[in-house]
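Take the given structure of chain Y and dock chain A to it, following the hints.
Number of protein chains: 2
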Amino acid sequence: MYSFLPNIFLKLVNEFSKLPGVGEKTAFKFALHLLKRPEEEARLLADTISKFKEDIKLCSVCNNITTEEVCSICKDPSRDSATICVVEGVEDLIAIEKTGNFRGKYHVLHGVISPLDGIGPEDIKLKNLLDRVDKGDIKEIIIATNPDIEGEGTALYIAKLLKDKKVKITRLGYGIPVGGDLEFIDEITLSQALESRKTLDFDR
Amino acid sequence: MYSFLPNIFLKLVNEFSKLPGVGEKTAFKFALHLLKRPEEEARLLADTISKFKEDIKLCSVCNNITTEEVCSICKDPSRDSATICVVEGVEDLIAIEKTGNFRGKYHVLHGVISPLDGIGPEDIKLKNLLDRVDKGDIKEIIIATNPDIEGEGTALYIAKLLKDKKVKITRLGYGIPVGGDLEFIDEITLSQALESRKTLDFDR
Numbered sequence: 003m004y005s006f007l008p009n010i011f012l013k014l015v016n017e018f019s020k021l022p023g024v025g026e027k028t029a030f031k032f033a034l035h036l037l038k039r040p041e042e043e044a045r046l047l048a049d050t051i052s053k054f055k056e057d058i059k060l061c062s063v064c065n066n067i068t069t070e071e072v073c074s075i076c077k078d079p080s081r082d083s084a085t086i087c088v089v090e091g092v093e094d095l096i097a098i099e100k101t102g103n104f105r106g107k108y109h110v111l112h113g114v115i116s117p118l119d120g121i122g123p124e125d126i127k128l129k130n131l132l133d134r135v136d137k138g139d140i141k142e143i144i145i146a147t148n149p150d151i152e153g154e155g156t157a158l159y160i161a162k163l164l165k166d167k168k169v170k171i172t173r174l175g176y177g178i179p180v181g182g183d184l185e186f187i188d189e190i191t192l193s194q195a196l197e198s199r200k201t202l203d204f205d206r
Numbered sequence: 003m004y005s006f007l008p009n010i011f012l013k014l015v016n017e018f019s020k021l022p023g024v025g026e027k028t029a030f031k032f033a034l035h036l037l038k039r040p041e042e043e044a045r046l047l048a049d050t051i052s053k054f055k056e057d058i059k060l061c062s063v064c065n066n067i068t069t070e071e072v073c074s075i076c077k078d079p080s081r082d083s084a085t086i087c088v089v090e091g092v093e094d095l096i097a098i099e100k101t102g103n104f105r106g107k108y109h110v111l112h113g114v115i116s117p118l119d120g121i122g123p124e125d126i127k128l129k130n131l132l133d134r135v136d137k138g139d140i141k142e143i144i145i146a147t148n149p150d151i152e153g154e155g156t157a158l159y160i161a162k163l164l165k166d167k168k169v170k171i172t173r174l175g176y177g178i179p180v181g182g183d184l185e186f187i188d189e190i191t192l193s194q195a196l197e198s199r200k201t202l203d204f205d206r
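Chains as they are written, first to last, in this note's numbering: chain Y, 3 to 206; chain A, 3 to 206.
Treat each hint with caution, since some may be false.
Just so you know, same-sequence chains aren't split out, so a pair can sit in one copy or run between any two.
[Claimed, not checked] Calculated pairs, DSSO-like style, for lysine-lysine (alpha carbon to alpha carbon, straight line, at most 27 Å):
id: 1; residue 1: Lys59; residue 2: Lys127
id: 2; residue 1: Lys170; residue 2: Lys27
id: 3; residue 1: Lys165; residue 2: Lys137
id: 4; residue 1: Lys168; residue 2: Lys137
id: 5; residue 1: Lys13; residue 2: Lys162
id: 6; residue 1: Lys31; residue 2: Lys141
id: 7; residue 1: Lys53; residue 2: Lys13
id: 8; residue 1: Lys13; residue 2: Lys100
id: 9; residue 1: Lys13; residue 2: Lys27
id: 10; residue 1: Lys38; residue 2: Lys127
id: 11; residue 1: Lys127; residue 2: Lys167
Keep in mind that the hints were calculated from the coordinates and are not lab data.
Chain Y on its own, in the form it takes in the complex (with noise of 0.2 Å):
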């Protein structure tokens, strides 16, 4: 369909076309942006996502993105060492770092358990979790694995694996969305937000 047009055109746009949410037409749309941008352009992007792929490694303490052995949040003497948090993603790192409101540290574990696509407790970051519990110092840790089937297995099977140790087990609280419209939020939110209620103290 595409004979017109140079191979190294259409490898391009297949290139694009890998990244997430990027269909053929959006793909086009890079490709030929990038005919009408200088050369440095290109090039700094073509040599970005080279190094980007050379430098990046994850910390050995928690998983974390970093250039180095230790990422700058696990190497942060400010933040409390005793609180870890558990994320599926470093986009949920992202996500809690950008609320401001954590001070703690995290454990990243590159996926969730998911036996439907294969994907058991072996291959997901879970060890190193361990031996961060194992050489102790930790008083609490809060899963923040995503609220669906594959986080809550997720959260429940770290939740077991951890039971006698001597750490205190959280799960980040469900309850309705601020700026939600309580007609449009589904049951069983609304069940546990009644649930997790909380007093108006009208006193302070």
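Showing chain A alone in chain Y's frame:
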């Protein structure tokens, strides 16, 4: 704000943000996607971008993209060299080729005249269009610039430039788009569609 993330990660996010329609959120998604993909896939993307900018050049006849001196459309002996369709960019050439209904050749301007943006006639690839017309054998020039102010202005400019040459100059027909809804079509388009009305021939 993102001081907890490695510089090379933020640099990649920044480079991805330069692609059209890509905001910070999407750029993060692209970078996190590459993080999860094998080294080879990222390298292939980087190499393809580099090779694309090195290999792609503009056809010396029509300015279409090619890796050779003359593009595959200009070289195709089965296409009608006497009809040239003038388009603003390669994306327009692709759109017309996809119809499968045009068997002439092209001329890609790589821009439109836009005095407000400081783009004059000398900034778009008009000179080799004149050369082509002067070399003769061209019967019709179809000006297929976009139906906006700059496109119309450029069409008029080209028409004036060629008015003394022995060549028929046409413009793409205006009218209602197929599948369009009459009530939502602007008055100018609707007026044009009335003017360009066709006789329905029931005798055939």
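Evaluated hints:
Only within a single protomer do Lys59 and Lys127 lie at most 27 Å apart by alpha-carbon distance; the minimum there is 14 Å, versus 47 Å between protomers. Taking the shortest alpha-carbon separations for Lys170 and Lys27, neither the intra-copy value of 50 Å nor the inter-copy value of 34 Å comes in at or below 27 Å. Taking the closest pair of Cα atoms, Lys165 and Lys137 come within 27 Å of each other only inside a single copy of the chain (16 Å); across copies the shortest separation is 85 Å, beyond that limit. When the C-alpha separation of Lys168 and Lys137 is checked against a cutoff of 27 Å, the pair qualifies only within one copy, where the shortest distance is 11 Å, while the shortest distance between copies is 88 Å.
In this assembly of identical chains, Lys13 and Lys162 lie within 27 Å of each other by CA distance neither inside one copy nor across copies; the values are 48 Å within and 40 Å between. Proximity of Lys31 and Lys141 under a CA criterion of 27 Å is satisfied in neither setting, with 51 Å inside one chain copy and 33 Å between copies. When the C-alpha separation of Lys53 and Lys13 is checked against a cutoff of 27 Å, the pair qualifies both within a copy, at 21 Å, and between copies, at 10 Å. In this homomeric assembly, Lys13 and Lys100 come within 27 Å of each other (Cα to Cα) only across copies, at 18 Å, whereas the closest approach inside a single copy is 37 Å.
With identical chains, the CA atoms of Lys13 and Lys27 are at most 27 Å apart both within one copy (14 Å) and between copies (26 Å). Proximity of Lys38 to Lys127 under the C-alpha cut-off of 27 Å is restricted to the inter-copy arrangement: shortest distance 14 Å between copies versus 43 Å within a copy. Within a single copy, Lys127 and Lys167 get their C-alpha atoms as close as 19 Å, which meets the 27 Å cut-off; across copies the closest is 73 Å, which misses it.
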